[in-house]
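Chemist: With the hints as extra help, turn the sequences into a complete structure.
Those protein sequences? They're chains A and B, same order as listed. Quick note on the numbering used here: the first sequence kicks off at 754 and runs consecutively. Quick note on the numbering used here: the second sequence kicks off at 2 and runs consecutively.
Keep in mind that the hints were calculated from the coordinates and are not lab data. None of these values were measured; they are calculated from a predicted model. Just so you know, not all the hints are guaranteed correct.
Not close to chain B: a few residues of chain A, all C-beta gaps over 10 angstroms, as computed [said to hold, decoys possible]:
{"no.": "1", "residue": "P765"}
{"no.": "2", "residue": "E768"}
{"no.": "3", "residue": "V772"}
{"no.": "4", "residue": "Y778"}
{"no.": "5", "residue": "S780"}
{"no.": "6", "residue": "S823"}
{"no.": "7", "residue": "T825"}
{"no.": "8", "residue": "I836"}
{"no.": "9", "residue": "D838"}
{"no.": "10", "residue": "A845"}
{"no.": "11", "residue": "K859"}
{"no.": "12", "residue": "L866"}
Below are the DSBU-like pairs computed for lysine-lysine, each with C-alpha atoms no more than 30 angstroms apart in a straight line [what the hints assert, rightly or not]:
{"no.": "13", "chain 1": "A", "residue 1": "K859", "chain 2": "B", "residue 2": "K58"}
{"no.": "14", "chain 1": "A", "residue 1": "K859", "chain 2": "A", "residue 2": "K811"}
{"no.": "15", "chain 1": "A", "residue 1": "K854", "chain 2": "B", "residue 2": "K58"}
Some chain B residues flagged as far from chain A (calculated, every beta-carbon gap over 10 angstroms) [stated by the list, open to error]:
{"no.": "16", "residue": "T14"}
{"no.": "17", "residue": "L40"}
{"no.": "18", "residue": "F107"}
{"no.": "19", "residue": "L116"}
Ideal Cβ placement from N, Cα and C applies to all residues, glycine included.
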Amino acid sequence: AQSVTQLDSQVPVFEEAPVELRCNYSSSVSVYLFWYVQYPNQGLQLLLKYLSGSTLVKGINGFEAEFNKSQTSFHLRKPSVHISDTAEYFCAVSGMNRDDKIIFGKGTRLHILP
Amino acid sequence: GAGVSQSPSNKVTEKGKDVELRCDPISGHTALYWYRQSLGQGLEFLIYFQGNSAPDKSGLPSDRFSAERTGGSVSTLTIQRTQQEDSAVYLCASSQRGGMYNEQFFGPGTRLTVL
Numbered sequence: 754a755q756s757v758t759q760l761d762s763q764v765p766v767f768e769e770a771p772v773e774l775r776c777n778y779s780s781s782v783s784v785y786l787f788w789y790v791q792y793p794n795q796g797l798q799l800l801l802k803y804l805s806g807s808t809l810v811k812g813i814n815g816f817e818a819e820f821n822k823s824q825t826s827f828h829l830r831k832p833s834v835h836i837s838d839t840a841e842y843f844c845a846v847s848g849m850n851r852d853d854k855i856i857f858g859k860g861t862r863l864h865i866l867p
Numbered sequence: 002g003a004g005v006s007q008s009p010s011n012k013v014t015e016k017g018k019d020v021e022l023r024c025d026p027i028s029g030h031t032a033l034y035w036y037r038q039s040l041g042q043g044l045e046f047l048i049y050f051q052g053n054s055a056p057d058k059s060g061l062p063s064d065r066f067s068a069e070r071t072g073g074s075v076s077t078l079t080i081q082r083t084q085q086e087d088s089a090v091y092l093c094a095s096s097q098r099g100g101m102y103n104e105q106f107f108g109p110g111t112r113l114t115v116l
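Modeler: Structure (structure tokens):
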């Protein structure tokens, strides 16, 4: 079984500053990793995913995440945030079997300060 | 429309009444999930369907909650004898299958208010 930990429930950051949202996972087997974003009053949508290959994954809106197997982490980063990045971000993990379900973390709310 | 649809979009009910929430997944998606999202809270997993069977019902909060899926497509989440703490947005998501196909497509949700 897998689990996901997002240590920060809220992250405040000034506009145009860099941000890192932390995600750690636990699994006894290899996994696939995902980040989803939920903008205010909207549904969740996929931001990026790691399936295989390069450990640095680029997503929409300038976000990227790096898979670190030794540290079991998949932190999300953006070099310069904009007010429009205000949202809740969810990290998720899935086993590699075709019937494995996806497991979400509790989410991190990103507050962009003017 | 090729997305996940949910109905109703809003439901207001009185405490003690039963409610049914419906989810129409994307055609061909075999995996279907129900989640609950309360104000200021993250995603709470409720139940996972693979086809018509539910290999994981561990998230259902009580025996007042049940769900079924028929024809490998439409799913219904039923809450019996609703309580005020059941008030939340109920989200449905579907994916092609599990594993690497686990990119989930979410519906707009049903906002349930129990008075």
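Chemist: Hint by hint, where does the structure go against what was stated? Just the numbers, ascending.
Modeler: Numbers 10, 11 and 18 - these are the hints that the structure violates, sorted from lowest upward.
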